[in-house]
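Undergrad: As a plain string of letters, each chain reads:
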Amino acid sequence: MLQITDLSKTYPNGVQALKNITLNIGSGMFGLLGPNGAGKSTLMRTIATLQDADSGSIMFGDIDVMKQKAELRQVLGYLPQEFGVYPNVSAEEMLTYIARLKGIANDGERKDTVKALLEQVNLYQHRKKYLSGYSGGMKQRFGIAQALIGNPKLIIVDEPTAGLDPAERLRFNNLLSEIGENIVVILSTHIVDDVNDLCRDMAIIAAGHVVQQGNPLELVDTLRGKIWTKRVNKAEVEEYRSRYQVILNRLSAGQVMVYVMSDSDPGNGFQPQQATLEDLYFSNI
Amino acid sequence: MFNTIFFFELKRLLKSVSTYIYFCILFLVTFFMSLFIGGAFSGVVVNLAGEKINANSPIVIDAFFAGISGWVGIIIVVAIIGNAVLKDFKYNVHNLIFTTPVGKFDYLFGRFAASLLICLLVLTGPAFGMMLAYASPWVNADKIGAFMLSPYVACYWQTVVPNALLQGAIFFAVSLIARDIFVIWLSLIIFYVGIGISNSFFNSLQFQTLSALADPFGAHAKRELGKYWTTFDKNHLVYRLTGIFLWNRILWLGASVAIFLLGYARFSFSSAPRRLSFGRARFSGDKGLANFEQFRTQKISLPAVSQTFSTGSFLRNLRSLSVYECRTLLRNVYFRIILLFGMLLLFLTSLQLGKIYDTVTLPVTYQVVEIFGGTFQLFIVIMTIFFGGEIVWRNRDNRIDNILDALPVPNWVFYISKLAGLMFMQAILVFIIMFCGVVVQLFKGYTNFEILLYIKYLFGMRLVDIWMLAILTVFVQAVVRNKYVGYFIVALFYIWNSGFAGLVLKHNLLVFGSDPGFTYSDMNGFGHEVFPYYVFKLYWGAFCFCLAMLSNLLWARGSDAGYKWRIRQAGKPAARRSVLALVAGIAVFIVCGSFIYYNTNVENHFETGYQAEEDQAHYERTYKKYENYPQPKITAVALNVDIYPYSRSLHAAGTYMLLNKSGRPVDSLFIELPPEITVAEMHFGKQAQLALNDTEYNFRIYKLAQPLAPGDSVLMTFDLNRINRGFQHDFTGLGTPLYNGTFMNNTSFLPHIGYAKEAEIQDNATRKKHGLAYRPTANPITDTAAYTTNIFTSDADFIRFEATVSTVPDQIAVAPGYLQKEWTANGRRYFTYKMDSPIMNFYSFLSARYTIKKEEWNGIPLEIYYNKGHEYNLDRMFAAMKDALQYYSSSFAPYQHKQVRILEFPRYATFAQSFPNTIPFSEGIGFIADVDTADKSTVDYPYYVTAHEVAHQWFAHQVVGADVAGSNMLSETLAQYGAITVMEHKYGPERLAKFLKIEMDKYLMSRSSETEKEQPLATVDAGQGYILYQKGGIVMTGLRRMIGEDKINGALRNFLDRYAFKAPPYPTTADLIARIDSVTPDSLKYMITDGFKRIVVYENKVADAGYDNASHTLSTTLNISKLVADGAGKETQTDCNDYVQVAIYKDRSTVSQLLTVKVHNGDNKLSIPIAARPYRVVLDPNLVLINKKPDGNELRLDASEKVSKK
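Residue numbers (numbering that gives the first Met the number 0), protein chains in the order written: chain G, 0 to 284; chain D, 0 to 1205.
Just so you know, these hints were derived from the structure itself, not from any lab.
Source: prediction; values computed, not measured.
Ideal placement from N, C-alpha and C gives every residue a C-beta, glycine not left out.
Hints may contain errors.
Rough simulated footprint, nothing fancy, chain G against chain D, three-plus residues with beta-carbon under 8 Å [said to hold, decoys possible]:
#1 298-306
#2 399-409
The calculated lysine to aspartate or glutamate pairs, modelled on EDC-like cross-linking and capped at a C-alpha distance of 16 Å, are [stated by the list, open to error]:
#3 D/563 - G/53
#4 D/298 - G/177
#5 D/571 - G/70
Derived, one-sided and incomplete: chain D residues facing chain G with beta-carbon distance under 7 Å [what the hints assert, rightly or not]:
#6 310
#7 557
#8 558
#9 620
#10 1088
Using the sequences and the hints, build the whole thing.
TA: Below is the structure:
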């Protein structure tokens, strides 16, 4: 469905945000995992027609995204990483406004769509209230509601759960999981569990490169039996770092748990560890 | 801690590029404007204060320094000080800072002090700009005086610093309280409104002190301080911090401190701002989540919708999106507050509606529209610039552009909806003018609401202009990458375009949004200017359309909206339609421009002011040699004048009888015609050869085959046309045929005999610029050769006159003389007028749809020809005609005609002018005056103007001065004397004193901006109206009071008896003064010298006054200073041995004693026995002396007693 080929982008300040990104994304939820500054948002914004890449192409079906922006926008739903709202405008008014901009010209249809969306994201009873008074979670739910207007074929959700409390995050992910399966949904995040919970397909992006791509379970499978852990003193960490391929140190009961990737048992008291997506993530960045 | 904050902030600001940019802007703007003023560009003349005032005189430096730093600098103050604390909230640093142990005092004072210091440094920019400009080699050395540092320093400390402090305190306090940049801008607008109110009051004498105090910039206070300064003073004196100016500064400095403290008190280290909240209450909590916790297996299902993305659907959307933009704006609390302030401003302005002699006019619609529109103009402009920026940047400022930019909406939908929102806002503002106008009319009991005129004027004409500004604003904001840069560019452009572009670029084709201008008149409506106005608007409309297309093409969308990216987008195939539209816009622009150019420059003559002067100079250089050639004089005129109001053309055929009175043979005739006249035929009763025909200057020389012997005469026959072609560059009303209300005099289309000295450049500075020699403004009074010619008509003495005038059937055409017959032929209406007695060679032709009102005085018919609807003051005019005829004919000489007619003409000029038995009278003065007879502070100026013009039937039409210095006084001052005397008989001395006080103020103000040299009354220049009317009236009235009405009138009777209709030779002022002198007792002869031959002013005041109950004596001290001034305004004390009147009031309004006492310079102590304690002492109650301290001439006793006891 969405074919990204050799996409590169260098900002005027010299930061190369995207380096020959090639991705093939089918329908369903696609997770784009990467640390802060990896180039996720640049990629998202480029797909969302908000900026141009220096080279490469993005095809969504027959639409050449960078050349046919107007066409892509007609099938796009976009929840940006960060967005503001007008003061003194209620959720209902704003959704109606956006619905109109999305080409829903019929008054009745527009009204029904807005009502349905507000109910789906559970903001119906707050529909008359100003968006500027919404909590972070409510605002994100409003954000997904506006992205869903007009039954888009491509939905881009850029770091939607950053800053949400765990309960809100859960609610939000539930909501995302309810989006239909026949469309392309790209979820960019730095939270491994989001991808774990929601995506059937994913890519890890770091420093502008795609470093892993595939089904999360299959990717984790590649690490089966290769993750080993050991609890060590803080002072010893440096030594372990130099001797093993340490992918992660984690504080644990006052000591440090060292995660090491190794095809065979490294010995030295290391215990085998069940591989997770998180391990995959840390081993790739 | 204070130091840490102060120096950190200081360093931050000093490192900031914008600080230097601000300085450079102020520096450069002032530098270039100073070059203009300094005459660096020969074609551009900017006189801020008067021709003799140096470009670097203290008064200009002050006006300029204070003006630039006040009006432009205020934006910088907002940007720097308004943001000093606000930026912490904007960038969310406040959470970090407020949790440190920094104290409120240190934090706020540190920030304020540092940002204020930077502001004060930046605001020195204009001073350096001026210094450099005036020291540069490009300025005209004649306009530059010696360098003085003190004006810069004084202005900086007295005005710039306190003003910046006040502005800083206001915007700082507002930023502390509201924590919202929006509110800061709002307060800026309110600040402007305050100044607007102060301005609207300054025009009226009675509110001057109030407005001087109320002006936060102190400009009015300074004007008050220097309003009677002479040219010399203005070039040498620096404003001193005294009097009203000092009080103003103290008042506003106090206000600054109070405002700062208010802000300080209201500020607390909490992160929640106090917002102005008028909307729905905020809420918190999200209780509706209970049923949302569990995981749902069903998918989100939304109703099926149809989406359309055709141009048609975009257009349909556009309407509702525009409505959305408007609604957002209207819902804006600040917008509503600003509207309320604007309305308040308008209502306050209405109190001063069209004041002439402190007397308002009726709130007729055009007057309300113009005054309200003018007051509101700045307001609408500020709102447009401000909300234009807001509306364009709203998405980005609210960070909602991330969502909206990715929506399937073409740029033009966004663009147009925003523009429409802004235009709609402007329409609302314009509607407010109309709404307030009707309310004010209703409130004043005026019910002739011309709603259609409101709509035509405001929505048909004005709105078009401000819509263009909206397009420009949106264009600039769409292109720039910073909203504030956008504001600055638009504001600077607006100032440049409205104030300077016309001066520099000259042609309206180059001045954005310009048009030839128009004046609405009840008589002539918008007249002939509607078509050119709209052609110009179409031209600039096409330009704006191009800007709109560019805005659309360059619309910033997405996250890296750099210029390269935008230009690339504009080049893409998707943008082709806009590019095509742009090309079409350019085509319309070029076509309209060519059409305009064809009309203004090909069909009509276009020249800049400089070129026009050069033409005059060329005329003088070429033809001056013929000035003293003997020429015959016109003795009889017979004319057929056809006025074509609707094609605005005129045809004139007729004859002049020319008589050689020169005593020498005349061999050639020099004929001069106005430039737009074409000659169909011109021949003479004797054989004559056309020896020269200069069509450019319309100057002809006919060589007579046989010279015309002295005493011989020749008949001149001519047939002339004045054809109107297309439209002209500038609005022309007066002196041309009009749809309704034509008023032309003979000089505007009939031949003049001989070289016309009037066509020379008068002003000597201008003459110098064009390489012409110095020329005295008039012939010296001793030049007896000039006594054979009068000052008004060099080519005739008294003439016989008859004329047939024709016009369209629904109009009445009028010329001097008495109507002999009237008939209709060929669909035109003809009137024949014949004068039975000799008149001056100065006559008028009028044609309009008149209504006539007739009355009679002693068998003499009195008629007023007026525009229907303007009946308000006809009775006052009739009363004035009767009183004046009665008084003048019994006191001076009989009235020479058998009729008096007043004829209304459109308000393109506001004067009345006396022709033989015919007085054209502008609709702009008198006809719509709202005179409240009961209110003693109003002046019945319809009565006064009428009396003045009727007096000219004697002074100008019976007796006229020789062509030497001072002669205008014989007509203007004497007419003024007549009018004042008649007015005093009608209204009494007390109300006259009010009139004289205004006249004295006008005289003292005007002499302070004299451009050439102030002359004594006896040798006054023709152009010195303030001496002829104001000083002359005061001097003559003073003489009448001190010498006696009968004696003065006797002298005038004697003067008329000797000279009326008997010239040449014509009299001079010396002849008049001799007659007045002969009736003056020796003890008062000094009044003749002071009044006519010198420039004398006084600085008099009542220093103290006290009453001794025991001895029943009033003791008072009069402080007298008599000054004599030279022509440049330098005043020196002179011996005083003069009589002054002192009035002692029993109570507020009753004079118990009027004494005449002799005074000398310095303190004069008087002891006056009086039975009871008087109320007040008034020095010179009848305003006989010209006093530069007019407010010091009276003292209330109870108030002064405490002082005198000390």
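Undergrad: Which of the listed hints are not met by the structure?
TA: Hint check: 6, 9 and 10 fail, others pass.
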